[in-house]
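J.: Residues per chain are reported as follows:
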Amino acid sequence: MNNREETLIPKIGVITDVRIDTPDIKTFRVVTPDGKKAFDHRPGQCAMLSVPGVGEAMFSITSSPTNEEYMEFSIKKCGCVTDWLHQAEVGQQITIRGPYGKPFPVDDEFAGKNMLFIAGGVGLAPLRSVINYCRHYRDRYGKIDIVYGSRSKDDLLDYKEIIDEWMTDAGVDVHLTIDREQEGWDGHVGFVPNYVKELGFDTDKTAVLCGPPIMIKFTLDGLVSLGFDKTQIYTTLELRMKCGVGKCGRCNVGAKYVCKDGPVFRCDELDELPDEY
Amino acid sequence: MQVKEYKPLIVAFCCNWCSYAGADLAGNNRLNYPADVKIIRVPCSCRVNPMFILRAFQRGADGVILCGCHPGDCHYTSGNYFTRRRMAMLFSMLDFLGIERERTRVEWVSAAEGAKFAATMNDFVTQVAALGENKRLEDLRCKK
Amino acid sequence: MRKCSLDSLNSVFAKIAEAMALYLPVDGSDGRAVFSKWEDGSVLSNALNTVRSPKDFFFPQSEDLMRFKTEGKNIEIIDIRPESEDFAVFGVRACDVKSFDILDRVFLTEPCDSYYASRREHGVIISLACTRPSETCFCQAFGIDPSTPAGDISCFKTDNEMYWQANTEKGEALLKAIESLTEECTDEAVNEQKEKIRAIMKKLPLASLTTNSFGGGKTTELFDRPEWAELSEACLGCGTCTFVCPTCQCYDIKDFNTGNGVIRYRCWDSCMYSEFTRMAHGNNRISQKERFRQRFMHKLVYYPENNDGLFSCVGCGRCLSRCPISMNIVKVMKKLGGESK
Amino acid sequence: MQKITKEQLIERASALLRDGTVNHVLGWAQGEFDYDITPAVFSDESSLTGNFVWNDFCGANFSKYLVSKCRTLEGKILVFLKPCDTYSFNQLLTEHRFDREKVYAIGIPCEGMADIDKVKAICGDGISSIDCSGEKLSVTSIYEDSPISVNTADVLTERCVNCKSKKHVAYDELLGDEGDILDSARFDEVAKIEAMTPDERFAFWQNELSRCIRCNACRDVCPACTCEVCVFNNPKSGVENKAPANSFEEKMFHIIRAFHVAGRCTDCGECSRVCPQNIPLHLLNRKFIKEMNECYGEYQAGETVGSKSPLTDYTLEDLEPGEVFDRGDINA
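Protein sequence lines, in the order shown, are assigned to chains A, B, C and D. In terms of this note's numbering, the first sequence has 3 at position 3, counting the first letter as 1, and numbering is strictly consecutive. Count along the second sequence from 1, add 1000, and you get the number used in this note's numbering. Count along the third sequence from 1, add 2000, and you get the number used in this note's numbering. Count along the fourth sequence from 1, add 3000, and you get the number used in this note's numbering.
Looking at chain A on its own, in the form it has when it is part of the complex (with noise of 0.2 Å):
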């Protein structure tokens, strides 16, 4: 028998709720089966969920550290194991590995600084953790300014949680948008780039960017053109991933491994990348 330790070789995690939060984006909530939290990590981190026989895929850990008791994630239908999650139900094993990646900088870089959040879609998932982190260690923030927008009210994440606990929240802005006119709607209409500009934010602020990568990429030249350094973003990149740990090859971009060196890098770190992710 082999004793060396080995993260390829997962744990079991439970399913202990089923959270349906858009047409199709399901949010399940993780123990071990002794109804422990898996793994301890930082805001920004993921781990590798799997359904033996379905396959393996990497998520991001969408509740904060400081959640003691689970993990959440926030998990979009779109392949083979998400396609399977979904039809989960409550009570369903699953394997865990994890945590992996480079978390954001939260007691660093983020330290003292006032926050804007920009999110797009599914792009809330991995902003969730460190927004609630800010919010939990809310003294050691400055303003915290959260813009997020997606196709229609039914695909905002998070929806109960934003109206109940951000927006009550003081120092906490939170700005919404959907991209077309609904009923029942009357905040602000468009994408979310625009409406970035519209708000005008001071450049007094460090941004963390999330949603889909035309969305990055316009918020990233709108933040800019307002004046925002690169150093001053931060951005969460996805690429397909199999290990993890930074050997298998396959989130290889330029000299950094998605999966190790990011998911989170600073913008002007990404610069130096070829462009290719």
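Hints are supplied without guarantee of correctness; some may be wrong.
[Stated by the list, open to error] Keeping only pairs whose Cα atoms sit at most 30 Å apart, straight-line, the calculated DSS-like set for lysine-lysine is: (1) Lys37/A with Lys2073/C; (2) Lys2069/C with Lys1007/B; (3) Lys1135/B with Lys1038/B; (4) Lys2203/C with Lys2157/C; (5) Lys2069/C with Lys26/A.
Since the hints were made in silico from the structure, they are not lab data. Just so it is clear, the structure is predicted and the values come from calculations on it, not from any experiment.
Since the structure of chain A is already known, use the hints to place chains B, C and D on it.
T.: Quick look at chains B, C and D alone, frame taken from chain A:
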């Protein structure tokens, strides 16, 4: 120690219109054939592509038999004529690779031939049983 | 240093094989050399090298990682990792020995890959100095001296004798075991042979190949070079170069449902394959040019950037002789380095 | 030595580029050692004169490249076709895989291609150049003081030893003389294996196929394998696999591949040429061709455009699968 009696596992692909009905008739007439024959119903014998045959062997079949309508009687006019050529070629390739030719067979069974169905299966099972386990086209991972 | 006559080589092999499985290159039925387990009657191949590299012994093409049993909603994970048994690989050339340095840096850095580590700990590498390098050899471009291979034991074959030199504790132990069949000797004959080989190396057609244009930090300079389009023009997108390469280490993890449980296994993968980076919502390398570039940029720029300038190519020449369209790293290096014909 | 010279080909291609008949030339580019030749696209005269090569190692069949190049390249493409390549060319046209209007095909005679492994078996490693211009190959090695002379006939590739046709079945223009369809002994090896006992056959193929490393070179080079997504690459097919994880996998891959090209395979021999593990894959294809010839009448894929392959056709009197076996017994 008790030696388990060897029973071959047979996969029979049966066309919906003739052979499956033939199998049904065999059952209605209480004609015996071994329970080791697992029937897979297909819309036409022509639906069976070579991958099906190989996958059956991979998953533990010891013999594979393909039953369709008699030539000329195909519900889709000509399906079984194509089957005839295809399977002749595939089986002769398996033979070429040294896989026992007795493990594969094509038989035409009409809806009225319940007796022929039962007789064919009995004969085929005996034939495969004589060969023993499928060792040449097995996937060890699928063995218990 | 110790030596034995070539006539007694087989009895030395037999002695080693008593203690552990011994693999050595023998001529296969198709005339090409292949690493096979030694058994009485095995004859060491005279070929320069094998088609498949010895990385297979430490990082096999396919290996089972674990099993799962599922019942209802429950999953059981079964750790099936065996502790590897001792084995020795004889006849590893200098280039291939070097490839283990490259693989070690991938698999043995934290978190260490236990499958690979177990085999590395139990495997003894017995290298063999080259005596007749081929035109496809360019190991010297990467600072490898084929006349003086590393490894746990270095062997040198002369006309009548085999010389053995232990370099590590593992090697010492093995040499101890064959002490009775070998005799102590000076390294005169070996040194003489080394000089001869070094002279031949200078005459090789690829002797002038240099790595000057490559290395860490060259990403922006090389990535958008127009030559990539021409170089990758004919690439078929097969995995031959990756699979015969001693340093390619990309892998895939897949599940196989056996009908009575699931096996999770790992197998070699190739960055040349179109689905290598395909995700549910797209692919970040759509054209063969991008995939082709990734392979060579990784070997010549990305890997050295992360590993103190060590290139992820050892110049064994396997891809030169095996690529279906004869496109290879030498042509890439010459073209981008500006010394193409 | 090839009867037509490299200079003649360059001259003709240059002329066609110059007068605008074609915009690109699909040809062979010079390598490092005269035998490592890469298919390439030439778009101007200077690159032709600098890099184009035609010698005894120009084995690559360009027909398949037409499928992708017709999509990506603007304008008309000149392609050089050896007699065996013209069959693949026709077969791909039959399957509507490329736009004939975009292609200008020049047939060139071929005296057979040399196998570098066979050359090395005679001359050893260390070849620095090979001169193909004389009757015999003149091989220069760093280990020999003077060049070694090698009979071309001794080093021909298997497919050229058993060449089925020196006649071009498709071209817009022919350079040199037209050849004839040959009486080839290409099925002898198949017959030899058929004559073995099943146990021997199994042992033979077990030894050959177990060497497979699933690099997919045979598939990716094959002019008959032009599926947009191969079933073995498609995760939804259930048989996707990248490694011969089991002896079943390699058999499955090669049987299915051979079956899928059966009736469409022109026996161009590229699969065996590129196999890094020297597996005689052409024998699988030839087995199918031989079997179909014997059971359903002589058929040569690619001989004419639009012909119907035996597996997409039938007659009312076809042999039953069992009878096909029995026929085998009579032959043996």
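J.: Tell me the numbers of any earlier hints that the structure contravenes, in ascending order.
T.: Violated hints: none at all, because every hint is consistent with the structure.
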